[in-house]
Structure formats: structure tokens, C-alpha cells
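Number of protein chains: 2
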Amino acid sequence: MQKLRLFTPGPTMVSPEAMLEMAQPLDHHRTSGFRETLKECTGLLSYAFQTETQPLVLTGSGTAAMEAAILGCCRPDTKTLVCHSGKFSERWRDILVRFNLPHVEYRLEYGQGFKADQVDAKFKEHPDLKAVIFVHSETSTCALSDAEGIARVCRDRGALCLVDGITSIGTIPFKMDAWGVDIAVTGSQKALMLPPGLGLVAVSERAWEVVDSHQAPAYYTDIKAYRKSLEKWDPPYTPNNQMVRGLVFTLKQIKEEGLENVWAKTARLAKATRAAVAALGLELFAADPVDSVTGIRVPAGVDEPRWRKTMRGKYGVHCAGGQGSMKGQMIRLNHMGYVDEVDTVGAIAAMEWTLAEQGYKFEMGAGTAAFGSAIAAE
Amino acid sequence: MQKLRLFTPGPTMVSPEAMLEMAQPLDHHRTSGFRETLKECTGLLSYAFQTETQPLVLTGSGTAAMEAAILGCCRPDTKTLVCHSGKFSERWRDILVRFNLPHVEYRLEYGQGFKADQVDAKFKEHPDLKAVIFVHSETSTCALSDAEGIARVCRDRGALCLVDGITSIGTIPFKMDAWGVDIAVTGSQKALMLPPGLGLVAVSERAWEVVDSHQAPAYYTDIKAYRKSLEKWDPPYTPNNQMVRGLVFTLKQIKEEGLENVWAKTARLAKATRAAVAALGLELFAADPVDSVTGIRVPAGVDEPRWRKTMRGKYGVHCAGGQGSMKGQMIRLNHMGYVDEVDTVGAIAAMEWTLAEQGYKFEMGAGTAAFGSAIAAE
Chain A
1 MQKLRLFTPG
11 PTMVSPEAML
21 EMAQPLDHHR
31 TSGFRETLKE
41 CTGLLSYAFQ
51 TETQPLVLTG
61 SGTAAMEAAI
71 LGCCRPDTKT
81 LVCHSGKFSE
91 RWRDILVRFN
101 LPHVEYRLEY
111 GQGFKADQVD
121 AKFKEHPDLK
131 AVIFVHSETS
141 TCALSDAEGI
151 ARVCRDRGAL
161 CLVDGITSIG
171 TIPFKMDAWG
181 VDIAVTGSQK
191 ALMLPPGLGL
201 VAVSERAWEV
211 VDSHQAPAYY
221 TDIKAYRKSL
231 EKWDPPYTPN
241 NQMVRGLVFT
251 LKQIKEEGLE
261 NVWAKTARLA
271 KATRAAVAAL
281 GLELFAADPV
291 DSVTGIRVPA
301 GVDEPRWRKT
311 MRGKYGVHCA
321 GGQGSMKGQM
331 IRLNHMGYVD
341 EVDTVGAIAA
351 MEWTLAEQGY
361 KFEMGAGTAA
371 FGSAIAAE
Chain B
1 MQKLRLFTPG
11 PTMVSPEAML
21 EMAQPLDHHR
31 TSGFRETLKE
41 CTGLLSYAFQ
51 TETQPLVLTG
61 SGTAAMEAAI
71 LGCCRPDTKT
81 LVCHSGKFSE
91 RWRDILVRFN
101 LPHVEYRLEY
111 GQGFKADQVD
121 AKFKEHPDLK
131 AVIFVHSETS
141 TCALSDAEGI
151 ARVCRDRGAL
161 CLVDGITSIG
171 TIPFKMDAWG
181 VDIAVTGSQK
191 ALMLPPGLGL
201 VAVSERAWEV
211 VDSHQAPAYY
221 TDIKAYRKSL
231 EKWDPPYTPN
241 NQMVRGLVFT
251 LKQIKEEGLE
261 NVWAKTARLA
271 KATRAAVAAL
281 GLELFAADPV
291 DSVTGIRVPA
301 GVDEPRWRKT
311 MRGKYGVHCA
321 GGQGSMKGQM
331 IRLNHMGYVD
341 EVDTVGAIAA
351 MEWTLAEQGY
361 KFEMGAGTAA
371 FGSAIAAE
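Each protein sequence line maps, in turn, to chains A and B. Quick note: the first sequence uses the numbering used here, first residue 1, plus one each step. Quick note: the second sequence uses the numbering used here, first residue 1, plus one each step.
Among the clues, some could well be false.
Same chains, same label: a pair holds when it works inside one copy or across any pair of copies.
Stated by the list, open to error - With a straight-line cut-off of 27 Å between C-alpha atoms, the simulated DSSO-like cross-links for lysine-lysine are: (1) LYS87 with LYS39; (2) LYS314 with LYS130; (3) LYS124 with LYS314; (4) LYS271 with LYS39; (5) LYS327 with LYS228; (6) LYS3 with LYS79; (7) LYS122 with LYS361; (8) LYS87 with LYS228; (9) LYS87 with LYS255; (10) LYS271 with LYS255.
Calculated directly from the structure, the hints in this document are not laboratory data.
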């Protein structure tokens with residue numbers, strides 16, 4: 001009977017309606033019906049990415065989509081800047097290393113976001129950079145980088161701009177075409193409100209030129225093969241067509257709501273959560289906090305595994321912990337997708353009750369009150 | 001109101017029960033609950049593959065799983081034999097070509113299966129072969145290769161044996177350990193009775209030695225990363241955990257039924273279908289027909305697209321056509337997974353009715369009668 005609320009920054013909560021949509025009878029993927037579905041999905045993805053290009057659908061994790069982007073756009077004879085300040089940017093660095101792709105690693109302390117002038121300074125040091133990779137919303141540290149500014153620097157410097165938008169697209173402002181982003185990537189299990197299983201990649205005309213200028217050391221993640229699938233809406237390998245059906249369903253919900261309204265909701269939840277954090281005497285993990293997910297430092301005297309375990313076990317509120325070296329140092333509360341004010345105030349209440357259980361000193365109800373005041377002030 | 005019956009050799013029919021299992025509330029994948037699920041899934045997969053090893057679960061198509069197998073086991077400094085007599089073996093050849101992996105291509109006419117002595121003869125020509133790739137059940141031609149015999153040759157010759165078991169595992173006899181197969185691969189959308197979205201790879205101890213002897217030119221499809229996930233049941237990248245849940249459900253059904261009974265059912269349906277084909281004066285496409293799926297040559301005077309279109313449009317029976325150069329030459333009727341005698345006799349009836357519509361001469365009912373007699377004789 002216990003209700004589970006996923007407050008993890010992916011997978012996020014999936015609505016019963018979306019689940020039932022994907023439980024509808026399965027059809028084959030080489031049919032006019034599926035071609036229509038894929039075409040519709042692609043059009044809706046263009047809206048979510050804010051682009052005139054046609055995003056590609058890969059069956060796989062976000063990592064598969066990001067690998068596809070990197071192998072297509074980072075040539076073995078050119079140099080890429082990889083901005084690294086968290087577990088996900090570390091993964092993109094690892095892909096460059098694995099495929100022996102020349103790169104410069106730019107490290108910042110975990111919790112910091114990258115700014116345009118910092119990236120521009122790297123171009124002064126390395127004028128031969130041909131691509132920049134960064135994570136817009138670094139899910140592991142809950143930090144925001146300046147995607148618009150960095151994309152502008154890339155344009156000015158004649159380099160491709162590759163954005164991990166896995167926890168930004170469809171949740172905080174992201175405008176692929178207006179900002180001049182070249183590759184943007186997301187996954188199904190974040191703002192798109194589905195289980196994990198699909199990776200999405202949008203590619204600019206400039207990026208296609210680079211992709212077409214060489215043969216990527218890839219087969220399954222070769223984006224050229226997926227582009228061909230846009231001609232007749234026939235994917236190169238058997239796609240998870242049931243999830244594409246689900247994606248049409250959730251993308252339609254996003255379009256109906258309007259991206260600006262979705263962005264505003266995320267911002268509202270994040271702002272109110274930060275107010276609650278302050279009222280409880282807690283601290284944010286990130287120096288540059290992002291709105292998609294809030295990372296809260298575990299206060300002294302509180303045992304993190306026990307805190308999260310009690311929250312889930314007693315109240316069905318599942319928050320994420322820290323990853324890698326950040327393990328035990330923070331909990332993360334999601335604001336993406338199918339989550340609202342009522343859900344979130346409940347999560348904050350559960351956080352308070354379980355903090356009290358560990359003897360942490362604060363005024364009971366201060367968090368939910370601050371959350372409510374912030375919402376009311378909007 | 002029209003009922004759809006998927007007789008395509010993948011995706012095959014999915015039961016409403018399995019669909020609803022995957023429509024249950026989503027949980028996170030870094031939980032003790034999912035670890036238990038993945039562990040249970042792995043144990044059940046060992047049964048399906050008939051192996052003591054622990055098969056790996058990749059989020060992706062069968063192609064991703066096969067790429068993982070090839071990149072792990074076919075070293076850049078050793079030579080692989082790739083047996084090619086259909087669209088899928090052509091794809092494995094293409095992967096070897098894409099990654100510049102040294103190989104010898106052994107082509108047979110489409111419709112033929114590979115025999116042990118033929119493969120052994122190739123070892124005489126090329127004693128330096130270190131691996132053999134073949135498709136056990138070539139879905140595109142509906143032909144069977146002698147997996148047991150070829151695996152024995154590989155053992156004798158000290159080469160690894162890589163089997164595409166995508167339409168054989170869980171549907172016709174396949175015994176990984178007893179036969180000495182080194183890598184076996186399948187997908188979720190065939191005998192495992194789920195939508196597409198998961199690729200499964202089982203790896204022998206001998207194969208792991210080769211995998212460990214070099215770094216594969218892979219990241220997302222690097223099987224080493226997935227092996228690590230068996231230690232703590234933590235997959236390297238966000239998995240489609242909802243489909244893993246579905247897979248436990250369908251694998252339990254297979255185990256309860258018993259693999260031998262599943263194999264016998266497939267054989268029964270295939271035998272009875274072949275009897276119907278003969279009674280209708282039709283011909284099989286394959287010289288070495290496999291039981292997983294029957295490929296029937298389109299008779300002279302019958303328009304294949306119209307035939308299949310009418311079958312689906314009028315009777316909800318969706319057969320597959322020919323792929324690539326076989327387009328227009330055959331239709332394919334699936335016997336894998338969630339399909340039985342009653343479904344299949346209905347499909348044969350629909351085939352008769354739609355053949356009659358195109359003026360093909362035969363005795364109406366001869367196909368269903370022959371099908372019924374064959375079933376009754378079992």
C-alpha cells in the first residue's frame with residue numbers, strides 16, 4: 001500500500017496515463033502507422049529542443065546518445081575542450097579518452113558551473129579548439145553552466161558546441177537554434193517523463209558538415225545511420241517503438257502546457273525549495289545551483305544513507321544521494337517533469353521529519369512554511 | 001475494433017499481462033529492489049541461454065548487443081570468419097568492416113544454412129582464424145545453421161564461436177554451455193515476448209579471456225563495463241529498468257512452461273505450417289528451413305505488397321515481407337513466443353483468403369486442413 005514518489009533526478013515520476021499508453025497493443029515498426037508516429041515524435045522533439053532541425057531517436061541510455069554526438073563531432077585530427085566539474089562531464093571526458101580523441105580537459109571544482117568568459121579564455125590558450133563539450137545542468141552536482149553564453153563563444157571562435165542537455169532540455173530554458181548550439185542530447189527518463197530507454201540527439205547543419213567530413217569509429221551509435229531514418233522514417237535498427245509512442249504522448253502534454261510554463265514551474269519549485277533549505281539552516285551543494293534539481297549538503301551529525309533510507313522507507317519519498325566522491329555529502333531533490341508543488345512540499349515535510357529523527361536542530365515546519373511562502377509570492 | 005496479430009519475426013506478440021507488468025509504477029534503478037530484479041533476471045537468462053555464465057543486459061537493440069560481442073571478441077590483430085547468407089549476417093560483416101577488424105567473409109546463397117564441415121574447410125584454408133561469427137536462425141531468409149556442429153569445430157580449432165541467437169534462443173534448441181558457444185546474443189522482442197529495447201549477451205570464460213586481453217574500441221557497448229554491473233547489480237549506464245522488470249515476468253513464464261516444451265511448440269507450429277505451405281502448392285524460401293519463422297516464396301502472379309496489405313487490412317494478420325534484395329519475393333510467418341496453434345491456423349486461413357482474392361489457384365481450405373492434420377498427428 002505504500003506510495004512511492006520518485007524525487008530522483010532521473011528516472012523521474014511517470015504518469016499512469018503515460019504508462020498505460022505504452023501498455024497499448026504493440027505494433028510493428030516497419031508500418032505506415034509507426035512511420036507517422038516517428039514523424040510526429042520528431043516534430044514534437046524539435047519543439048522541445050527549440051530547433052528547426054529534426055532530432056534523432058536512439059534506443060539506449062543518454063550515454064549512447066552522447067557517445068553518438070561525440071564520435072560524430074569530435075574528429076581524431078582536431079582538438080576538443082571538455083568542461084569537467086561533475087560525474088557526467090567526467091563520463092564525456094572518458095569517452096574522448098577511450099576513443100583517443102585529442103582533447104583539453106578544463107576542470108572546475110564540483111558544484112561550479114562554466115561561464116562564457118572562462119571558456120573564451122581557454123580558446124586564447126588553445127586557438128586550435130574545434131569543439132566544446134559541456135553539461136548544461138550537471139545532474140551530479142546540481143550546478144548550472146551558461147549554455148547560451150558558451151554557445152556564443154563557440155560561434156565566435158568557429159568551434160562546435162556540444163551540450164549535454166539531459167537534465168535541462170524540457171525543464172529549464174534551452175533554445176538550440178536561438179543560442180547556436182550544434183549538438184544537444186537528452187534522455188527519456190528526465191523532463192520527458194518516461195522510463196529510461198531512449199536517447200535523443202539534435203544536430204545542427206554545421207555539426208552535420210563535420211559528421212559528414214569523416215567516418216566516426218562507431219556503428220550502433222553512428223548518427224549518420226539515424227539521419228537516414230528521417231528520409232523514410234525507417235530507423236536503422238529495431239527501435240523501442242513502444243517508447244516512441246509514449247514519447248509522443250508526453251511531448252504532446254509538454255506542448256499543450258507550453259515550454260515557457262514548464263520552465264516557469266521548474267523555476268518556481270526550485271526557488272521555493274531553496275527557500276526551504278535556507279529556512280532549515282541547510283546549505284546548497286552547488287555554488288551555481290540549477291533549477292532542474294536541488295542538491296542539499298548533508299549537515300554535520302546526520303547520516304546520509306540513514307536519512308534517505310528513512311525518507312523512502314517511512315514516507316515513500318525517494319531522493320538521490322551523492323555520486324562518486326560526493327557520496328554521503330548530499331541529497332538531491334528533483335524538479336523535472338511530472339512533479340508539482342504539492343508533491344514537493346510533501347517531500348520537504350518528509351525531509352524535516354527524518355532530519356528531526358536524527359537530532360538535527362531546526363524549527364519543525366520552517367521548511368514547508370518557507371516553501372509555501374515562496375510559492376504564494378509567485 | 002480490428003484485432004491486430006503480429007506474425008512478424010520480431011517484434012512478436014506481447015501478452016497484455018506483460019504489458020501491464022511494465023505499466024506498474026516505475027522505481028529507481030539504484031535500489032535494493034532493482035538489484036534483486038536484475039539478479040533474478042540474470043539467473044533466468046542463464047536458464048534461457050542454457051549456461052552457467054551470467055548474461056549481460058544492455059539497453060539497446062540486438063545490434064548493440066552484437067556489436068558488443070564482436071568488439072569484445074574480435075581483436076584487431078586476429079582474423080575472424082564471418083558466415084554471410086542473409087541480411088543479419090551482412091550486418092555483422094558490416095560491423096567488422098566499420099571497425100577495420102580483419103576478417104574472412106564466407107558467403108552462401110540466401111536461404112542456405114552453414115554446416116560444420118563447411119566451416120571446418122574454411123579453417124583449413126585459413127588456419128589463423130581466431131573467431132567465427134554466424135547467425136543460428138537467419139531471420140531474413142528463415143534458414144537454420146548448425147550451431148552445435150559449428151561450435152564443435154570452433155572448439156577443435158581453438159577459435160571463439162560467436163552466435164547471433166536473436167531468433168533462436170528461447171525458441172529452438174540452443175545450449176550454450178553444452179555446445180561450447182562463446183558468445184550468444186539475443187533481443188527482447190523475439191522469443192522473450194517483450195517490445196524491442198533490450199539486448200542480451202552471454203559470454204563464456206574463454207571469451208572473457210579475449211575480452212580482457214585488449215581494450216575494445218567501444219564505450220557504450222564495452223561489455224567489460226556491463227560485467228562490472230554483475231558485482232553489485234549496478235548497471236554502468238541508466239538501464240531500461242521497466243523492461244528488465246518485464247523480462248523477469250516473461251522469463252518466469254518460459255521457465256514455468258519449460259524450455260523443452262517451448263522448443264517443441266515452435267517445432268510443431270513450424271512443421272504444421274510447412275505442411276500447409278505444401279498443401280497450398282507454395283514453396284519455402286529457405287533450403288534449410290528454421291523452425292522460428294517460416295519464409296514462403298510469393299507465387300507467380302501474386303503481388304506481395306498487396307497480399308500482405310490485404311492480410312493486415314482485412315484480417316489483422318501482419319506478416320513480414322522480404323528484406324533487401326529479397327523484397328517482394330517472400331512473406332514470413334513467425335512461430336516465436338506468445339503465439340499458438342489457434343493463432344497460426346487463423347493466419348493460414350487469412351493467407352488462403354487473400355491468395356484467392358488475387359486469383360491464385362488452390363483448393364480453399366487445403367492449407368488449414370493440412371495444418372490441422374499435422375497438429376493432430378503430434
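Here is what the structure says about each hint:
1. LYS87 with LYS39: between (34 Å within a copy, 26 Å between copies)
2. LYS314 with LYS130: Neither: 51 Å inside a copy, 56 Å across copies.
3. LYS124 with LYS314: neither (54 Å within a copy, 67 Å between copies)
4. LYS271 with LYS39: Intra 37 Å, inter 40 Å, cutoff 27 Å: neither.
5. LYS327 with LYS228: between (42 Å within a copy, 19 Å between copies)
6. LYS3 with LYS79: neither (49 Å within a copy, 55 Å between copies)
7. LYS122 with LYS361: Intra 45 Å, inter 76 Å, cutoff 27 Å: neither.
8. LYS87 with LYS228: Between. Shortest inter-copy distance 18 Å satisfies the 27 Å Cα cut-off; intra-copy 33 Å does not.
9. LYS87 with LYS255: neither (31 Å within a copy, 40 Å between copies)
10. LYS271 with LYS255: within (24 Å within a copy, 51 Å between copies)
Comparing the model with each numbered hint stated earlier shows that hints 2, 3, 4, 6, 7, 9 do not hold.
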